[in-house]
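Protein sequence lines correspond, in order, to chains H and R. For the first sequence, the working numbering gives the first residue as 1, with consecutive numbering after it. For the second sequence, the working numbering gives the first residue as 311, with consecutive numbering after it.
Think of the hints as simulated: they come from the structure by calculation, not from any bench. Predicted model, so just to flag it, every value in this text is computed and none were measured. Backbone N, C-alpha and C define an ideal beta-carbon position, used for all residues, glycine too. Treat the hints with care, since some could be wrong.
To spell it out: a stretch of chain R is covered by chain H in this simulated footprint if at least three of its residues, at any positions, have a beta carbon under 8 Å from a beta carbon of chain H; those stretches are [as the list claims (entries may be wrong)]: (1) 364-375; (2) 435-443; (3) 599-608; (4) 613-623.
DSS-like mimics (lysine-lysine), calculated; alpha carbons at most 30 Å apart, straight line [said to hold, decoys possible]: (5) H/Lys239 with H/Lys186; (6) H/Lys239 with H/Lys292; (7) H/Lys239 with R/Lys454; (8) H/Lys186 with R/Lys551; (9) H/Lys291 with R/Lys313; (10) R/Lys454 with R/Lys551; (11) H/Lys186 with H/Lys121; (12) H/Lys292 with R/Lys454; (13) R/Lys551 with H/Lys291; (14) H/Lys292 with R/Lys551; (15) R/Lys551 with R/Lys532.
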Amino acid sequence: MDFSALSPVSLIVSLMVAATPILLAAIGELVVEKSGVLNLGVEGMMIIGAICGFIVAVETGSPWLGFLAAMAGGAAISFIFAVLTQYMLTNQVATGLALTLFGLGFAALLGHSYAGIKPPKFGSLDIPFISDIPVIGPLLFSHDYMIYISLMIIAGVWYFLTRTRGGLVLRAAGENHDAAHALGYKVIRIRIMAILFGGAMAGLGGAYLSLVRVPQWTEGMTAGAGWIALALVVFASWKPWRIILGAYLFGGITVLQLNLQAAGANIPVAYLSMAPYLVTIIVLVIMSSDKKRASLNAPACLGRIFHASS
Amino acid sequence: MFKLERRPTPSNAMVILTPVLAVVLTMIAGGILFAILGKNPFEAIRIIFWDPLFNEVVASYTRPQLLIKAAPLITIALGLSFGYRANIWNIGAEGQFIMGAVAGGAVGLAFYPTESVLIFPLMVLAGAVGGFLWAMIPAFLKIKFNANEILVSLMLVYVAINFLGAMVTGPLRSPVGMNFPVSRNFNEYASAYNGELIANTGLHMGVFVTLAVVIVSYILLKQHIFGFQVRTAGQSPRAAKFSGVNPNVTIAICLGISGGLAGMAGLFEVTGPAGKLSTNFPLGYGFTAIIVAFLGRLNPIGILFAGLLMALTYIGGELAQFQLSVPAASVQVFQGMLLFFMLAVEILVNFRIRFKKKEVA
């Protein structure tokens, strides 16, 4: 077995790339759950974002327009979920599942003539001299732009949720929707906006997969990333900063197992490919095992249907 | 604007009418989709819903397929319906389906080439146990560590897919398969082959088991205390607790039933219609069964019809793919839409829509 190819710096750089799609999807879902809605359709919204972003980037030649289209696509499909759960009062678990099944099919339909195409290249930060400093340069100053943007989004969500009035209102809707309604806040409108934000972020994460990480379009390419993002929200105990920790931890495991595969480790590839999913389960178990703490952090109205009787 | 008004009691007429309404709405939306794809929508709908049953040219081939495709969907959906009633969300039936096929298939292949009538029943048992044990993982983690069963059962689908890959490239690889990642063919091994019992009908052993499961589920749900407990646990967990229902036992039983049935369906599939274990074996039945369960309103008889309808969309979808060259994914879109519409019209059961003029609050 040959470990010499595994330099720590390039490992860290590639783990950040591996982590960014789920980081984006998870921060979106965090906001959705904070507003009291459980959207299990992350996988579906991600894959719709992946194909929308891919198509627009290929057709226009601009990855930036691709990312915008991915956000629009993710938000658009999440709007179906929003209407069904908020106005038609459907079960959120079932509707989220429907969104995932529908999204996977719809994305495959949209993308069936886009397989095997290379998308336009997405740029990376390149500051003269600074980006070339050994170790620090590649670690801090030469990632692609979306990695910096994703970290800014985390900071932005943290600021919004904990430091602004809007964030307080959103959390109120998630903790006690009847009280929020009685105070005159539009619970349904708040939740719809949160769902649309979640959809846009999942779409962005999906497009990062198809435009930067892979970069290519294949059917079902999200391969459970949306579900891992859902687990990440639990792992982070609904706290924005911890999403970074969880996503990078997860990215590290993915990259490590891929490198072990490449280095020809003496374990069949199939067993190594299980690692990310097994680790997700283990992490989920550890984070949920303390029932009191888990219920303290979870929004109290998570997944409950709100229907104003008056 | 309109307003939703809660009905004093759920409407019985709507319980029957809503699935029909959902199918009609899906046909309309599906027709629009096909029109956008540049196909004649009426022809497409006819090919999907009519031709597999009544077209003289293809029906002799497609009619048997109906039972072959519907049987696993119905079996899995019946298992899932108990849990869904009790708010226990096993969405990893696909993984349990795969593990059942692997476990049962492995038992059969271990006996190769011994011939005995006992081998097949043993394989069915092993399949059910394989699926059952795979479902016990989320059950145990939920009971012991409060881990969310939705996420755990789904993660285990990906683990199962990889495990299947490891098996067919490793211990279960066919010695005569030219090194392809496939197991031995079960149709070349009489004791382990789940063939048609009556030629050209699609009736294999699994279809009969499915029918039995429908009947048992119906009795269990309507006549047995277990059905009552499951329904109470779903509608009011606190009331269920006070009436002496142990939630942990409910979790274990619901996940266990769904896992065992999915595993058994996997075994019937791999030894019959699929014919061998391979990396192409997972077809997504475990996920489609979720749609079947909801379309059948979690009711055993409803699930029977929903499974047949869903099988029809599979077969009709293949025909449409063949004759109109629509992409394979359009069937999946169709099924996804069906679930959306089914969930949306569900509101008519408990609510009445009242139209009204906008008034000053």
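Evaluation of the provided hints:
1. 364-375: Since three or more residues must qualify, the claim that chain H covers the region 364-375 of chain R is violated, with 0 doing so at under 8 Å.
2. 435-443: violated (count 0)
3. 599-608: holds (count 3)
4. 613-623: violated (count 0)
5. H/Lys239 with H/Lys186: holds (24 Å)
6. H/Lys239 with H/Lys292: holds (17 Å)
7. H/Lys239 with R/Lys454: Holds - the C-alpha atoms of R/Lys454 and H/Lys239 are around 25 Å apart, at most 30 Å.
8. H/Lys186 with R/Lys551: violated (35 Å)
9. H/Lys291 with R/Lys313: Since the Cα atoms of H/Lys291 and R/Lys313 sit roughly 39 Å apart, the hinted pair is violated (cutoff 30 Å).
10. R/Lys454 with R/Lys551: holds (18 Å)
11. H/Lys186 with H/Lys121: Cα-Cα ~43 Å, so violated.
12. H/Lys292 with R/Lys454: holds (14 Å)
13. R/Lys551 with H/Lys291: The given pair, whose Cα atoms are some 18 Å apart, holds under the 30 Å limit.
14. H/Lys292 with R/Lys551: holds (20 Å)
15. R/Lys551 with R/Lys532: holds (20 Å)
Checked against the numbered hints listed earlier, the structure breaks hints 1, 2, 4, 8, 9 and 11; every other hint is satisfied.
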